[in-house]
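Number of protein chains: 2
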Amino acid sequence: MRAVVRRRLSGWALGALLVFVAPLARAQTDPLPSWNDGAAKRAIVAFVKETTDKASPKFVAPEARIVTFDQDGTTWVEQPNYAEAMFAFDRVAIELDKHPRLKLVEPFKTIMSGNQAAIAKLTNEDLLKVAAALTHSGMTVDEFRKIVGDWLASAKHPRFKRPYTELVFQPMLEVMQYMRANGYKTYFATGGGQDFVREYAEKVYGIPPEQVIGSAADTSFGYTKDGRAVLTKTHKMLYVDDKAGKPIAIHQMIGRRPVAAFGNSVGDQQMLEYVQAGEGARLMVLVHHDDAAREYAYGPRSKVGTFTDALGAEAKKRDWVVISMKNDWKRIFAWE
Amino acid sequence: MRAVVRRRLSGWALGALLVFVAPLARAQTDPLPSWNDGAAKRAIVAFVKETTDKASPKFVAPEARIVTFDQDGTTWVEQPNYAEAMFAFDRVAIELDKHPRLKLVEPFKTIMSGNQAAIAKLTNEDLLKVAAALTHSGMTVDEFRKIVGDWLASAKHPRFKRPYTELVFQPMLEVMQYMRANGYKTYFATGGGQDFVREYAEKVYGIPPEQVIGSAADTSFGYTKDGRAVLTKTHKMLYVDDKAGKPIAIHQMIGRRPVAAFGNSVGDQQMLEYVQAGEGARLMVLVHHDDAAREYAYGPRSKVGTFTDALGAEAKKRDWVVISMKNDWKRIFAWE
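So the protein lines, in turn, are chains A and B. Residues in the first sequence are numbered from 1 upward in steps of one, following our numbering. Residues in the second sequence are numbered from 1001 upward in steps of one, following our numbering.
Derived from the structure by calculation, the hints contain no laboratory data. Remember, predicted model here, so these are calculated numbers, not experimental data. Be careful, since some hints might not be right.
[To be verified] Some chain A residues well away from chain B (every beta-carbon gap over 12 angstroms; in silico):
#1 50
#2 99
#3 113
#4 147
#5 170
#6 224
#7 257
[Claimed, not checked] Derived Cβ-Cβ restraints for the label pairs, each shown as a range:
#8 313/A <-> 1138/B: 26 to 36 angstroms
#9 38/A <-> 1097/B: 31 to 41 angstroms
#10 155/A <-> 1165/B: 17 to 27 angstroms
#11 1030/B <-> 146/A: 22 to 32 angstroms
#12 1279/B <-> 124/A: 33 to 43 angstroms
We treat Cβ as the ideally placed atom computed from N, Cα and C, and that holds for glycine.
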């Protein structure tokens, strides 16, 4: 979109000269300035160039330019725990003040202890119990979005002491912008809550709510006392957007197979396989967290964002691009 | 998008003259030429003008310009039965040749009789049994799209003797194009099958697959013998996009409340109520089928597209726009 506007302005405002100069100027601008020159960067740039060049056998029609991104660990920090889990713990503290008996029951007892090591050991089932307790309160979707927004405005990451929305990987933001400038429609396909991510995805990543696919609970339709239609969150899951659930949700929400996908863990494997099984040009990318100094280094034994040896072997066998955060990224955060 | 391209070309190719002339020429062109001048047309045009005029208190930011359309009976013919039901009946005949015992069992027996009056009396549960029998065959989503495409290319409407894709209401196509030219994102919110409608919505209506919301069955993820990832249709419903299911699916798929919606039956009531319950400018429209000569006239006792007296009363009470096909539409089909 921005490219169109730029061309339009330079075209008739500055005359024929710029019509010839502008494409050259663009070609010299590095679309991925936070990346070191390496195999990962070259693969991404080559893919975008080939798929947007009408003369290339790998050309992809504009309407088919769909790319999906996992979020946690792929476009922002997911350690020591998902931002959404942190949000849920904070909400639990507020809710438990209303229902003090629950404070004596697990997993709420652990959460209330504030013991980060114990909290980090909670299982996914524990987290689901927490989520259920929260959505049980029969919040409308508008109320939910508001409390997410309020939390994001005040919560800070325990290590970086910054809002979670500032812990976005600058190199991935550049990939999103670069692909959009080349006609790609960028989607999230996250295991996180769809309505949670929708609250900030547009402002932080330029991804509108309708392009956020996430784990989703059903809602129920009803009326306020004065007859206005409202939707209330329930805890009946529609789908869990993780592992095999990712391609399923992508088909449900988009209805066409993406041509490119970015992930970072075993939860993204089936999405990448699904993308690769399509015809024509394909790009499958995994972010590998190997930079303990600037971010985190974690692999097979991590509770979140697990990158098993089997996943590494699959990436090699299927010729997926693996990004080394340490070697491929010149900087990780915009504020570095 | 088209407006942008036009302005760009005329700008630097034809010079400053056209820059001033083009907006005038556009202003004088009727965006809804198949409509008679009346309250319905005036309400639609006034809504689009107000919501796109930055100086208006009813201005709607470009990213919030979302409009949803029901399909059957709102943008194309739904009598004597939904096109998708006709498709299902044809598929049943093919499937039953493989399983002849089923031919003796209802509702298959009635469908095989070819008796249109009896077929028209089948209940929605009967139709669901038919749909289940079809999806039971474990088709991949790609195979399903192909058989829908093949059917659409050959099937003809029993009265109009034309492909179903030619039975689109030209006045509604003009509304879609007019709203898109003004920055609106047009969505379907149809009770019909999401994957069925996705097969032709882009070609016929200019609505891409990712903007088609419909009733949706779940899919399952698996691999072909040679290790390629595939999605197979199941008959477990994810949601039925009708009545209260419409606002629920709209929230699920779009994540923001549309500012305008078009429907034609009791199945669209909750969608219109949900749209109306939002803040700022709102447009709720119902198509009323009152033209037996050019299309069909049907109301409270129709099996499809039921327009009850209660719905008419609600439209009046809530100040919804009701389109009389007889009086408001100069022509109904492009080929008239």
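Hints, verified against the model:
1. 50: holds, 22 angstroms
2. 99: Holds, because the least Cβ-Cβ distance between residue 99/A and chain B comes to about 28 angstroms, which exceeds 12 angstroms.
3. 113: holds, 35 angstroms
4. 147: The assertion about residue 147/A holds, with a minimum of 16 angstroms to chain B.
5. 170: The claim holds: residue 170/A sits with its nearest Cβ about 24 angstroms from chain B, beyond 12 angstroms.
6. 224: violated, 8 angstroms
7. 257: Residue 257/A not clear of chain B: closest Cβ-Cβ about 9 angstroms, inside 12 angstroms.
8. 313/A <-> 1138/B: 26 to 36 angstroms: With Cβ atoms ~30 angstroms apart, the hint holds.
9. 38/A <-> 1097/B: 31 to 41 angstroms: With Cβ atoms ~58 angstroms apart, the hint is violated.
10. 155/A <-> 1165/B: 17 to 27 angstroms: violated, 51 angstroms
11. 1030/B <-> 146/A: 22 to 32 angstroms: At 43 angstroms between Cβs, range violated.
12. 1279/B <-> 124/A: 33 to 43 angstroms: holds, 37 angstroms
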